[in-house]
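In the order they appear, the protein sequences are chains A and B.
When the first sequence is numbered by this note's numbering, its final residue is 944 and no position is left out of the sequence of numbers.
When the second sequence is numbered by this note's numbering, its final residue is 392 and no position is left out of the sequence of numbers.
Hints are not guaranteed to be accurate.
As the list claims (entries may be wrong) - Under 10 Å between C-beta atoms, here's a sample of chain B residues computed to sit facing chain A:
(1) Met232
(2) Ala239
(3) Arg301
(4) Ala311
(5) Ala360
Rather than coming from a laboratory, the hints here were simulated on the basis of the structure.
Note that the Cβ used here is the ideal one computed from N, Cα and C, for glycine as well.
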Amino acid sequence: MLLVHPVHEVLGQVPLLIGAVVLGTATGNAMWSVAVLVLMIVYGLARWFTTTYRIDAEQIQRREGVLQRSVLSVPRNRIRSVSTDARVLHRLLGLTVVKVSTGQEAKGDAGFALDAIRSDEVPALRALLIADSPPDALEAGVEASAPERVLARWQPSWLRYSPLSFTGLATIAAAFGVIYQTGAVAALEDSPLARQGLDAAERFGVVATVVVAVLFVLTLGVMLSVVRSLITFGNLVLSRRDEVLHLQHGLLRVREHTYDMRRLRGGTIRQPLLVRAFGGARLDAVMTGVDGAGEASLLLPPCPSATAESVLTELIGQQDAVTGALRHHGPAATRRRWTRALTFPALLVVGLGTTAVVATVPAWAWVLCGVVIAAGVFLAADRSRALGHRVGDGWLVARSGSLDRRRDCLEAAGIIGWTARQTLFQRRAGVATLIAATPAGVKGYRVLDVPADLAWSVAAAASPWVADCDWTRETAHS
Amino acid sequence: MVTLVDPANPPSRKAPLVWAIGAAIPWAMLAVAQVVWFVLDARLGWLHAVAAAATVVGVVTFVVVAPLWRYRVHRWEVGAQAVYTRSGWLVQERRIAPISRVQTVDTHRGPLARLFGLADVTVTTASSAGAVRIVALDSEVADRIAAQLTDIAAIGDRDAT
Numbered sequence: 467m468l469l470v471h472p473v474h475e476v477l478g479q480v481p482l483l484i485g486a487v488v489l490g491t492a493t494g495n496a497m498w499s500v501a502v503l504v505l506m507i508v509y510g511l512a513r514w515f516t517t518t519y520r521i522d523a524e525q526i527q528r529r530e531g532v533l534q535r536s537v538l539s540v541p542r543n544r545i546r547s548v549s550t551d552a553r554v555l556h557r558l559l560g561l562t563v564v565k566v567s568t569g570q571e572a573k574g575d576a577g578f579a580l581d582a583i584r585s586d587e588v589p590a591l592r593a594l595l596i597a598d599s600p601p602d603a604l605e606a607g608v609e610a611s612a613p614e615r616v617l618a619r620w621q622p623s624w625l626r627y628s629p630l631s632f633t634g635l636a637t638i639a640a641a642f643g644v645i646y647q648t649g650a651v652a653a654l655e656d657s658p659l660a661r662q663g664l665d666a667a668e669r670f671g672v673v674a675t676v677v678v679a680v681l682f683v684l685t686l687g688v689m690l691s692v693v694r695s696l697i698t699f700g701n702l703v704l705s706r707r708d709e710v711l712h713l714q715h716g717l718l719r720v721r722e723h724t725y726d727m728r729r730l731r732g733g734t735i736r737q738p739l740l741v742r743a744f745g746g747a748r749l750d751a752v753m754t755g756v757d758g759a760g761e762a763s764l765l766l767p768p769c770p771s772a773t774a775e776s777v778l779t780e781l782i783g784q785q786d787a788v789t790g791a792l793r794h795h796g797p798a799a800t801r802r803r804w805t806r807a808l809t810f811p812a813l814l815v816v817g818l819g820t821t822a823v824v825a826t827v828p829a830w831a832w833v834l835c836g837v838v839i840a841a842g843v844f845l846a847a848d849r850s851r852a853l854g855h856r857v858g859d860g861w862l863v864a865r866s867g868s869l870d871r872r873r874d875c876l877e878a879a880g881i882i883g884w885t886a887r888q889t890l891f892q893r894r895a896g897v898a899t900l901i902a903a904t905p906a907g908v909k910g911y912r913v914l915d916v917p918a919d920l921a922w923s924v925a926a927a928a929s930p931w932v933a934d935c936d937w938t939r940e941t942a943h944s
Numbered sequence: 232m233v234t235l236v237d238p239a240n241p242p243s244r245k246a247p248l249v250w251a252i253g254a255a256i257p258w259a260m261l262a263v264a265q266v267v268w269f270v271l272d273a274r275l276g277w278l279h280a281v282a283a284a285a286t287v288v289g290v291v292t293f294v295v296v297a298p299l300w301r302y303r304v305h306r307w308e309v310g311a312q313a314v315y316t317r318s319g320w321l322v323q324e325r326r327i328a329p330i331s332r333v334q335t336v337d338t339h340r341g342p343l344a345r346l347f348g349l350a351d352v353t354v355t356t357a358s359s360a361g362a363v364r365i366v367a368l369d370s371e372v373a374d375r376i377a378a379q380l381t382d383i384a385a386i387g388d389r390d391a392t
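Chain B with its partners taken away, still in its complex shape (with noise of 0.2 Å):
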C-alpha cells in the first residue's frame, strides 16, 4: 500500500485576497443591477427578497468560504524527479508529473494578479490532460519555480512523448 503525503508548500499569503476580490467583482456587479432595479420597480417585493438572498449566499460561498477554504487546500513542491500539486475546494485534484517528461514551462499574470504581485506557473507535458497548474505564487516564488524547471527538464532534447 502506498500513499503520497501532502506536497509542502503553500501558495502566496495575499492569494485568499486576491481569489476573493476576483470573485467579488461579478458579485458586486450584480448587486448593483439589483439595487438600480429596485430603486426603478419596487413592485414585487417578495421576488426582490429572494434575489437578494441569492446574492447574499453567492457573495458568502464564493467571496468568504472558497478563497479561505482554496488556500486550506492548495499545496506545491517541486521534487527532484516530479511537480506535485493539490487544488480545488468543492473538487479536490492532487496531480503529479514527471520532470523528465515536462515540455514548456509558463508562467502567467493576470491584471489582478499583477497588482498584487503574484504569478501562476503552469507546467505542460505532451498529454493535454496532464498540465500541472500552481497557482497564485509570489512573483519571485514562481520565477524561481519556472527557472529551476527550466534547468532540470533541459526542454528541447527529444520530443518527450
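Bound conformation, chain A alone (with noise of 0.2 Å):
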C-alpha cells in the first residue's frame, strides 16, 4: 500500500507529470520535474497515513483525506456486496480493492472502496462484511460453514462466442477517435507516406483496397475481442456456498465478486443474435444493491446457453421460469412487430420508386434496398416470435428483442409497483405494455405489447396486492 498510492498517483496525473517534465526543459531547470513528482510521491504517502477504516458491530467506517479529513460509514446491515478488485500493480505487491455496494448507489460516485487491503486478509474480511455478523463470530464462522459448490467454470470453448460480439470494432473506432482528437491523422493527411498509401490504392484498385481495408479491421476486431474476451473473463469461476454467491474472474486484472443470495430476485437470460445464432447465451443477475446493467450484475459471460440456463435454474431453484413455454402475446403484437420492422423498407422503396420516375436509379440502390427489406422481414418474424411471457409459482417471466434477446426471470414478491402503458397506437390496437417495478437490477421490467385485457391478470396473478386492492373486478369469460 505504502507503494501503491504513490505509483498510482503519479500514473493517474501523467498530464501533470508531462506539464511538469515541460516546465523543467522549458526553463532548463530539471529541478521543477523533481520537485513536482517528489510532491506528488509525498502526497501518495500522505494518503496512506490519513487513511484508516475500522468496523465495529454496526458499521464500516472510513476516514480519509489530507487537507480536508472526510468520513464515510455504512452500516452493516445495508451491504448488499463485496467486490475486489486487483490490478497488475496491485497483484505484484499481494494487495486487493475491496468495494462494498449499498442498497442505494449515489450516480457518480465512487462507493465505498477500501484501496491496497492484504490479499491474505481479505476472504476473512469479506466473510466478515457479507455475512452481517459481529466481528466474533468470525472464526468460528469461516471455517464452519457449508462446502463451496462450483456452478460454473470457464472453458476455452466460450471464447469461440467472442468474435461475436462489436467490442473489438469499438475498442479500434474508439483508438482511431483518440488519435484523430490528438491530430495525428490531420498531419498524416499531408505526409508522403498518405501520398504513397494513395497512389497504391490507384494502382490497385478502389474496391480491392476497401475490401482489403475491411477485412483488415474485421480481423483486427475479432482479435481484440478474443483476447479482450480471453483476458477478462479467464479463469472464471462461479461458486455458491450457503447464502453467499461468489464470482472470480480474469487473468492480468482478477476481480472478485460477492453476492448475498437474499438479495436475488430473478436473472436475465440475454442473447445477442450474433451469440445466439451460435447457441450462446449470458447471464445477468436481478439483485437489489447491484447496478442492472453492466458489469457489476454479470453472472456468466457468452456461453453455451444450456450452461446460462443451468446455472439460473439452480439459482432461484424454478425449471419452469428458466425454460418453460411462454405465452404468446396474440396476433395484434405480431402486427405490430411486422408493421414497425417494415415502415423504413416501405419509405425507402417509395423513395426510390419516385426517384426512378424522374431520373435513374443506379442498379446497387435496388440491390440495398433489398437488403433492407430482407433485414426487416428476418427482425420482424424473429422478434413476434420471441414475443412472451408467463406468469405463476411466484415468478414473472418476459421475453423480447431480436438483435438483443432478453428473457426476463422475476420474483414476484420482488414487485413493488405496476404500470401499463399505452402509447395511440397501442390503444388502437388492444394491446398495452405491463411494467414491473422492483428495487433490484434494471428497476423497470418490461412485458412488451400484451393484449389489454390480459394485462391486469398478469399483474394480479404475480402480486396478491394487486389481486386484492380496491379497483379489481373479475370479469366473466376466462
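Take the two lone chains and join them into the complex the hints point to.
Now the structure itself:
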C-alpha cells in the first residue's frame, strides 16, 4: 500500500507529470520536474498515513483526506455485495481493492472502496462483511460453513462466442477517435506516406483496397475481442456457499464479486443475435443493491445457453421460469412488430420508386433496398417469435427482442409497483406494455405488448396486493 | 380474467387552465420572436407562412387540446392498500403501488401552481421505475393525501426493499 498509492498517484497524474517535464526543459532547470514528482509521491504517502478503516458491530467506517478530512460510514446491515478488484500492480504486491456496495448507489459517486488491503486478509474480511454477523463470529463462521460448490467454470470453448461481439470494432473506433483527437490524422493527410498509400490504392483499384481494408479491420476487431474476452473472463469461476454467491474472473486484473443470495430477485438470460446464432447466452443477476446493467451484475459471459440456463435454474430453483413455455401475445402484438420493422423499408421503396420516375436509379441502390427489406422481414419475424410472458409459481417471466433478446425472470414477491402504458397506437391495437417495478436490477422490467384485457390479470397473478386491491373486478369470460 | 376499474378522483378543476398557461408561455415567446423576425425581414413570405402555420398547430395542440385531453384522462385514488393513478394524453399510463412499500411522500409546488393553489404529490418506492405522481391537485387535497399516506405507510420501520 505504501508503494501503490504513490505509483497510482503518479500514473493518474500523467498529464501533470508531462507538464512538469515540459516546464523543466523549458526553464532549463530539471529541478522543477523532480520537485513535482517528489510532491506527488509525498502526497501519495500522506494519503496512506491518513487513511484508516474500522469495522465495528454496526457499521464499517473509512476516514481519509490529507487536507480535508472525510469520514464515510456504511451500516453493515445495508451491505448488499462485496467485490474486489486487483490490478496488475496490486497483484504483484499481493494487494487488493475491496469495494462495498449498498442498496442506494449514488450516480457518479465512487462508492465505498478500501484501496489496497493485503490479499490474505481479504477472504476473512469479505466473509465478515457479507455475513452480517459481529466480528467475533468470524473465526468460527468461516471454517464451519458448508463446502463451496462450483456452479460454472470458464471453458476455452467459450471463446467462440467472443468474436461475435462488437467490442473489438468499438475498441478500434475508440482508438481511432483518440488518435484523430490528437491531430495525428490531420498531420498524416499531407505526409508523403499518405500520398504513397493513395497512389498504391489507385494502382490496386478502389474496390480491392476497400475490401482489403474492411477485412483487415474485421480481423483486427475479432482478434481484439478474443484477446479481451480471454483476459477478462479467463479462469472465471462461479461458486456458491450457502447463501453467498462468489464470482471470480480475470487473468491479469483479477476481479471477485460476492453477492448475498438473499438479495437475489431473479436473473436475465441475454442472447444477442450473433451469440444466439451459435447457441450461446449470457447471464445477468437481478439483485437489489447491484446495478442491473453493465459489468456489476454479470454472472456469466457469453457461454453455451445450456450452461446459462442450468446455472440460473440452480440459483432460483425454478425450472419452469428459466426454460418453461411462454404465453404468446397474440396477433395484434405480431402485427405491430411487422408494421414497425417494415415502415422504414416501405418508405425506402416509395422514395426509390419516386426517384426512378424522374431519374435513373443505380442498380446497387435496388440491391441495398432488397437487403434492407430482407433484414426488416427477418427482424419482424424474429421479434414476434420472441414475444411472450409467463406468470405463476411466484415468478414473472418476460421475453422480447431480436438483436438483443432477453428473458427476464423476476421473483413476483420483489415487485413493488405496476405500470400499464399505452401509446395512441397501442390503444388502437388493443395492447399495453406492462412494467413491473422492483428495487433490483434495472428497476423496471417490461412485458411488451400484452393484450390490453390480459394486462391486469398478469399483474394480479404475480402480485396478490393487486388482486386484492379496491379496484379489481373479476370479469366473466376466461 | 381481472380488470382494474379507473381510479375515482379527478385533478383540480383549475388543472387544465394551469397546464394551458404553462404551455402557452413558451409558445407565446416563439410567436413574439416570429413577429419580430417578420418586422425586421419581411422577404421570403412563404417561410413566414410555414412558420406561422406550425406555431398555430403547436398552440392548438399543446395549449388547447393537450390540457383538456389530460384532464379527461387524469384520475387518482388512494385505497386502503395501494395508490393508483391514471395519467397522460397521447401516451397513457395506469400505475399502482402498494402503500406498504412507500418510502417517501413529497409535495411539490411550482411557481405557476402556487399562483393557482395547486400541488403535486410524488410517492416514491424503492424502485426508481415505481414512483407514483399525482399532479395538479388542490393544495389542501395534496396536503391531506400526503399526511394520510405518511400515516398509513408508517415510514421508517423497515427498509422496504
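Against the structure, the hints come out as follows:
1. Met232: holds, 5 Å
2. Ala239: holds, 9 Å
3. Arg301: violated, 14 Å
4. Ala311: Holds - the Cβ of alanine 311 of chain B comes within 10 Å of chain A, reaching about 7 Å at its closest.
5. Ala360: holds, 3 Å
Going down the numbered hints, you'll see the structure goes against just number 3.
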